[in-house]
Each structure stands twice: as C-alpha cells, then as structure tokens.
Amino acid sequence: MRNKGFSSVVRNEMKLTLPSYSVNEGVARAVVAAFCAQLDPAASELADVKCAVSEAVTNCIVHAYRDSVGSIYITVKILEGNGVRIEVRDRGCGIADVKAARQPLFTTDPSGERSGMGFTVMENFMDILRVRSKPGKGTVVIMFKRFAGRGENK
Amino acid sequence: MRNKGFSSVVRNEMKLTLPSYSVNEGVARAVVAAFCAQLDPAASELADVKCAVSEAVTNCIVHAYRDSVGSIYITVKILEGNGVRIEVRDRGCGIADVKAARQPLFTTDPSGERSGMGFTVMENFMDILRVRSKPGKGTVVIMFKRFAGRGENK
Amino acid sequence: MMNSNCGFEHEYNEGELYVRLRGEIDHHSAAMLRGDIDTLIYEKRPQRLLLDLSGVGFMDSSGLGLIMGRYSLVREFGGSMAILDPAEPIMKILNLAGIKRIIAIEKTKGAKKK
Amino acid sequence: MMNSNCGFEHEYNEGELYVRLRGEIDHHSAAMLRGDIDTLIYEKRPQRLLLDLSGVGFMDSSGLGLIMGRYSLVREFGGSMAILDPAEPIMKILNLAGIKRIIAIEKTKGAKKK
Ligand SMILES: Nc1ncnc2c1ncn2[C@@H]1O[C@H](COP(=O)(O)OP(=O)(O)O)[C@@H](O)[C@H]1O
Ligand SMILES: Nc1ncnc2c1ncn2[C@@H]1O[C@H](COP(=O)(O)OP(=O)(O)O)[C@@H](O)[C@H]1O
Chain P
1 MRNKGFSSVV RNEMKLTLPS YSVNEGVARA VVAAFCAQLD PAASELADVK
51 CAVSEAVTNC IVHAYRDSVG SIYITVKILE GNGVRIEVRD RGCGIADVKA
101 ARQPLFTTDP SGERSGMGFT VMENFMDILR VRSKPGKGTV VIMFKRFAGR
151 GENK
Chain A
1 MRNKGFSSVV RNEMKLTLPS YSVNEGVARA VVAAFCAQLD PAASELADVK
51 CAVSEAVTNC IVHAYRDSVG SIYITVKILE GNGVRIEVRD RGCGIADVKA
101 ARQPLFTTDP SGERSGMGFT VMENFMDILR VRSKPGKGTV VIMFKRFAGR
151 GENK
Chain E
1 MMNSNCGFEH EYNEGELYVR LRGEIDHHSA AMLRGDIDTL IYEKRPQRLL
51 LDLSGVGFMD SSGLGLIMGR YSLVREFGGS MAILDPAEPI MKILNLAGIK
101 RIIAIEKTKG AKKK
Chain X
1 MMNSNCGFEH EYNEGELYVR LRGEIDHHSA AMLRGDIDTL IYEKRPQRLL
51 LDLSGVGFMD SSGLGLIMGR YSLVREFGGS MAILDPAEPI MKILNLAGIK
101 RIIAIEKTKG AKKK
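Same order as they appear, the protein sequences are chains P, A, E and X.
For the first sequence, counting from 1, position 100 maps to 100 in this note's numbering; every step adds exactly one.
For the second sequence, counting from 1, position 78 maps to 78 in this note's numbering; every step adds exactly one.
For the third sequence, counting from 1, position 39 maps to 39 in this note's numbering; every step adds exactly one.
For the fourth sequence, counting from 1, position 83 maps to 83 in this note's numbering; every step adds exactly one.
If you are wondering where the hints come from, they were derived from the structure by calculation, not from laboratory data.
Since we're looking at a predicted model, the values are computed, not measured.
Here a beta-carbon is modelled for each residue, glycine too, at the ideal position from N, C-alpha and C.
Incorrect hints may appear among the rest.
Here are the in silico distance ranges between beta carbons for each label pair [claimed, not checked]:
| no. | chain 1 | residue 1 | chain 2 | residue 2 | range |
| --- | --- | --- | --- | --- | --- |
| 1 | A | 100 | X | 31 | 49 to 57 Å |
| 2 | X | 31 | A | 42 | 23 to 31 Å |
| 3 | X | 12 | P | 2 | 54 to 62 Å |
Heads up, simulated DSS-like pairs for lysine-lysine below, C-alpha to C-alpha not over 25 Å straight-line [claimed, not checked]:
| no. | chain 1 | residue 1 | chain 2 | residue 2 |
| --- | --- | --- | --- | --- |
| 4 | A | 15 | P | 137 |
| 5 | P | 15 | A | 4 |
| 6 | A | 15 | P | 15 |
Some but not every residue of chain E turned toward chain A, in silico, with C-beta under 8 Å [stated by the list, open to error]:
| no. | residue |
| --- | --- |
| 7 | 28 |
| 8 | 62 |
| 9 | 69 |
Excised from the complex, chain P in its bound form (with noise of 0.2 Å):
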C-alpha cells in the first residue's frame, strides 16, 4: 500500500479554500481542529496537527505567495481507522529542490525570522509527510496522522 497502513477508505471529507492573508493561519488550523474533533483526539494530538497545518499554511503565505495575494486550497479526510489525511495546496512559486526545502534550519527567507524549521515540524508531528512542488507551478504538501483511538466506538 501506498500510505503504510493508512486506509484509502473516506469516511468524511472536508474542502477548504482561504486567501493568503495572515489571519487565515489561526483559521485554518481552528478549522482543521474543528473537523478531527469528531475522532474524539487527546489534546496533545490535536495540538500536534494544528501546528503542522499552521505551518503548512504559513508556508503558503509566506513563500508561495510571496509578493501577491492566492488562493490557499486545503483538504482534510477523515480515513477509516481513526487516520488523517491533510493536504494544502497552492499555486505559488514552488521549490525548486524540495530535498535541500525539508533539512532543519533550510530557509530561503532573508528577514532573519524564519527558523527553517517548518517542514521538520510536519514531519516530526505528523506520521507521513509529502511534498511535492513544481517551479512557477505550486506545491502540495500532504500529511497523515492517526489519533490513538479513544474515538472509534462512539
């Protein structure tokens, strides 16, 4: 299987399409939230798959599109099996070499506040992580997780 041991069964699926504005970071992960609450996820959980969306979604604003208002297109699947899947989407930029994007600390960022860690969050919060990108094109960055389960026989 593709998605090591990720059902491509969709239980629930959710479509969401933001503008690159910042304020949309704080929705898009409320929103994110909202919609894994019906898997009944243990906080820490919870907490782990907003911040991996936030910084997807940061990403998008931030890098992609730098200099001009997009479109920022996310979806969230609920998978049999208390699994998530995550996708955010853009047509942005892109990036050029996505294996130097991904290494902690790698920033292209010239203002000093970016840590370069934004990637190596999803990574590490999330189980699989994604990306895939094409220059002047956009990027997809897909992400799953499975929450421990307390939620299945409700």
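Since the structure of chain P is provided, determine the placement of chains A, E and X with the ligands on it from the hints.
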C-alpha cells in the same frame, strides 16, 4: 444598494465544502464561528450566526439530500464595516414554493420531529435572509449580519 | 465513530423524571437523544418530565422539535412537562418559537441568584 | 480589523526585562509581537530578557523565529536570555529545535508544584 447597508467590499473569504452527513452540522457552525472570530463579535452575535448556519446546513442534510448524500457549499465573506455574508448552497431537491416554506411552523417532514422553525430562526437571528431555489436543481440561502463592531480597531 | 458532543443524565423519583441535557443539541445529536429519552419515558411513564437545559451550550430548531416531540409523548401518558434553566441563547430560540405558551419554563438557578 | 488573538505584558527591574506572552504565536501574531518587544529592548537595553511562555496556548515554528530573533538582539547589547514555563506542547517544539542548547529554559512553576 441591493443588500441594504452592507458593503460589497470583501476583506476575507472562506469557501467550505462538506458532504451531507449530520456530523457536519457541528463542523459547519464551528468553522464559520472560527472564521467570524477575526471580527471579534460578541458571544451573543456569534451564537446567532452559529444557529443560523446550523439551520441552513441541517436543511441540506434533512431536506435537500433526504435520500442521498450530496455536497454542501458554504461561502463566508467578511465585508468592509464589520459585516458577514454567508451563503449555503446545495444541489438537492429544491423547494417548490419558497414563500410557503419560509412561514413559521411550515415543514414537509413526515417524522414529526422537525419544528418548521428553521427559516424563522435564520430570518430572526440574521439581518437579511434570501432564499433562491429551483425544484430538482437545488437551493441557495444567503444571509447577512453586522457585528456591533468592538473589533474594528484591533 | 462520530463524536456526538452531547449527552444526558437522569433521575426518577415518585412519578417525576428529571433529565439534564448537556452539550450541543442539533439534528445530529437530537436523533440520538430522542431514542434514549423515549426509552426512559416508555419505561417510567412519568407524571411529570423535567428537562434541565442548564448544561446546553447550543441548540437550534432541531432542539425545538426534540422538546415538542417529548412533550407530545409525555402527554399521551397523561403527564406534564417543564423546562428548567435555559441559558440566554437557548432562551432566545425558545422565545422565538413561543414555547412558554405550551410548556412552563422555570428558572431554578436564576431564582437563587436573585 | 483583524483580531490577533495574542498579546503580552512586561515589567522592567534593574536590568531585567520580563515579558509574558499570551495567546497563540504564529507568523501572523509574531509579526506584531516582534515590533513591540523590540521597541522595549531598544529602550531598556536589558542585561537579561525573561520570556515567560506560560500563557501561550499555541506556538509554531514562527515562534521559534521570534525567540531566536529576540535572542540575537539582546546579545547584540551584551545581554542574556531565558525562557520561562512553556506548557507541554510548546516544550515539544522547543525541544524539536534544540533551543535549550542555546537559551536556558526554566520551569519556575513546575518547580513550585514539586
Ligand atoms: N509552499 C511553498 N512554496 C514555496 N516555497 C516553499 C513552500 N514551503 C516551503 N518553501 C521553501 O522551503 C523552505 C523551508 O521551509 P520551512 O522548513 O517551512 O522553513 P521556513 O518557512 O522557516 O523557511 C522555505 O524557506 C521556502 O524556500
Ligand atoms: N435546502 C433545502 N432543500 C429542500 N427543501 C428545503 C430546504 N430547506 C428548507 N426546505 C423546505 O422548507 C421547509 C421549511 O424549512 P424550515 O423552516 O427549515 O423547517 P424544517 O427544517 O423544520 O422543516 C422544509 O420542511 C422543506 O420542505
């Protein structure tokens, strides 16, 4: 102006698509509340919006897609001047006589568990309610509300 | 799987069935609550049903349907009903529907506060 | 218009600048906090900056950037810095970035609890 007193300048816009599962009633109102939070509404104002959204989304689930599962399309716009415009759209069965359907206590539900008060709630809890429908095509509910405006200078 | 975000506790004493709802009441949760409460009503056939709404944070018109449906059932068995302590937003929707013309709304906690 | 959902209080005493952040720290809020905190640092030129994170409910890697940026500025003026009382989820991201190799993390409240 068409929408009395409401600006047509959009400051932020959220698009949300959800399948017509009843668990998404709670998701929809939590999401809309999270998006409206940027205007710093009073708790009672937010409660009104949540209730109106819950009514519109429930109608898609209970009436529009009664014997099936379909998509519910929600658009929320933050308008200049502390207003919101909320649109809830379905591609379900439609309403033959919208004027009759909007009357208090009117319901086509045979179970005896619907109050027929959904449109009345939307009408009273929001500032403007518009309903457009085509039998066999679907229904669009558009609602406007202005918040008292604590948040304007935040 | 789906977390319903609602529930209730109950007590039965000498013909009086006390039910305290909590959480959010919408069409999704009302469907579950309805079945459980009706089972109790059929079992106890109470002379009086007290529906405590003090723990309800959200309720839409599906809640009105839930209340009116239980009222009809209790009446079938010759019983009466009262609603206890709805919070402000819940009171707003009860008022919109004119519920108090049909079912008494009692504020036991509001009374204590005064 | 936009509600930022964060803020801070501060105290200055004999070379020590105490800043207590609260709310959610992300790229959106960090941009605002940065300016205000830097104004304080330029004004006071503290020998020591204490950043109390006990009131922070959410922080992502933009918060790491905010912390490291203030650290650099304080060091420019010859000062030192400590982080106080991060909650569990905040500690998790600080650990991931190995912050404690650079900035002391002190648990004043955790210590009291023991
Ligand atoms: N959506 C995106 N579009 C374009 N570039 C991106 C995107 N996401 C990440 N990047 C690139 O990858 C680098 C590393 O990202 P990340 O690990 O999140 O750190 P940071 O955001 O702090 O720079 C960024 O500096 C940027 O060059
Ligand atoms: N989205 C919709 N699609 C089809 N029919 C609808 C829709 N919304 C409302 N209706 C019709 O309008 C009637 C009144 O709706 P409402 O006032 O919300 O009361 P209730 O949902 O309790 O029946 C419904 O019974 C139904 O016939």
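Here is what the structure says about each hint:
Range check, residue 100/A to residue 31/X: Cβ separation about 52 Å, and the 49 to 57 Å hint holds. At about 27 Å, the beta-carbon gap between residue 31/X and residue 42/A stays in the expected band of 23 to 31 Å. Checked against the given bound of 54 to 62 Å, the beta carbons of residue 12/X and residue 2/P, roughly 56 Å apart, stay inside it. Our distance criterion of 25 Å between C-alpha atoms is met by residue 15/A and residue 137/P, whose separation comes to about 22 Å.
The suggested pairing of residue 15/P with residue 4/A is violated, with an alpha-carbon distance near 31 Å, which exceeds 25 Å. With a CA separation close to 8 Å, the supplied pair residue 15/A and residue 15/P stays within the 25 Å bound. Satisfaction of the interface hint for residue 28/E is found here, the shortest Cβ-Cβ separation to chain A being roughly 4 Å, below the 8 Å cut-off. Checking residue 62/E against chain A by beta carbon gives a least distance of about 6 Å; that is within 8 Å, so the hint holds.
Interface hint status for residue 69/E: upheld, as the beta-carbon distance to the closest one in chain A is roughly 5 Å, under 8 Å.
Of the hints listed earlier, the one the structure fails to meet is number 5.
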